[in-house]
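> Whole structure, please, built from the sequences with the hints as guidance.
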Amino acid sequence: MTAYDYPTAVACERAGVDMVLVGDSLAMVALGHDDTSQITMDEMIHHSKAVSRGLRSPFIVTDLPFGSYQSDERTAVENAVRMVKEGRAEAVKLETGRRGAPKIDAIVNGAGIPVVGHIGLTPQTAVALGGFRVQGKSLASAQSL
Numbered sequence: 567m568t569a570y571d572y573p574t575a576v577a578c579e580r581a582g583v584d585m586v587l588v589g590d591s592l593a594m595v596a597l598g599h600d601d602t603s604q605i606t607m608d609e610m611i612h613h614s615k616a617v618s619r620g621l622r623s624p625f626i627v628t629d630l631p632f633g634s635y636q637s638d639e640r641t642a643v644e645n646a647v648r649m650v651k652e653g654r655a656e657a658v659k660l661e662t663g664r665r666g667a668p669k670i671d672a673i674v675n676g677a678g679i680p681v682v683g684h685i686g687l688t689p690q691t692a693v694a695l696g697g698f699r700v701q702g703k704s705l706a707s708a709q710s711l
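Position one of the sequence shown corresponds to residue 567 (this note's numbering), numbered consecutively onward.
Where hints are given, some of them may not hold.
[Claimed, not checked] Pairs of lysine to any residue, SDA-like flavour, derived with a Cα cap of 25 Å: (1) 615 to 579; (2) 615 to 591; (3) 615 to 665; (4) 659 to 648; (5) 615 to 682.
[Unchecked claim] Have a look at the derived ranges for each label pair, beta carbon to beta carbon: (6) 652 to 579: 20 to 30 Å; (7) 667 to 633: 12 to 22 Å; (8) 706 to 571: 40 to 50 Å.
Just so you know, the hints here were simulated from the structure itself, not pulled from any lab data. All figures in this text were calculated on a predicted structure; none of them were measured in a lab. Even glycine gets a Cβ: it sits at the ideal position worked out from N, Cα and C.
Written as structure tokens, this is what we have:
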């Protein structure tokens with residue numbers, strides 16, 4: 567289930583949801599931005615903290631926003647650590663594939679933070695994909711994913 571705020575988190579807790587995602591989609595859904603790339607690390611931390619206050623049992627996964635992990639391993643780890651310490655996330659989600667493997671390795675094995683991968687339709691890079699289009703429709707593109 568996706569939650570962006572405390573009331574939704576409480577509803578998830580009461581419903582017995584196992585895992586809650588604090589998604590960067592909140593940029594568009596709750597904050598009125600045109601796309602997900604406009605949300606900041608501080609905004610994601612703010613919403614992750616709000617969600618965490620409403621949860622006791624569910625596992626909390628929070629998106630690392632666009633620009634917070636793409637540059638290098640050190641930046642990726644620093645921002646993942648911030649999301650766990652300040653945002654109270656238990657795992658972070660990244661929109662990446664093979665090219666992001668070194669960063670995932672640094673976050674998981676270097677900092678000990680679980681990573682949830684996100685491939686296919688990746689809103690953070692939708693412009694580069696030609697917009698919000700289904701990915702992996704052919705056998706070759708599905709295998710590439």
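> The structure should be examined with respect to each hint, and the outcome stated for every one.
Do the hints match the structure? See the list:
1. 615 to 579: holds, 15 Å
2. 615 to 591: Holds - the C-alpha atoms of residue 591 and residue 615 are around 16 Å apart, at most 25 Å.
3. 615 to 665: violated, 30 Å
4. 659 to 648: Holds: residue 659 and residue 648 sit about 13 Å apart, inside 25 Å.
5. 615 to 682: Holds: residue 615 and residue 682 sit about 19 Å apart, inside 25 Å.
6. 652 to 579: 20 to 30 Å: The hinted range 20 to 30 Å holds for residue 652 and residue 579, with Cβ atoms some 21 Å apart.
7. 667 to 633: 12 to 22 Å: Given about 19 Å between the Cβ atoms, the range holds.
8. 706 to 571: 40 to 50 Å: holds, 41 Å
When the structure is compared with the earlier hints, a violation turns up for hint 3 alone.
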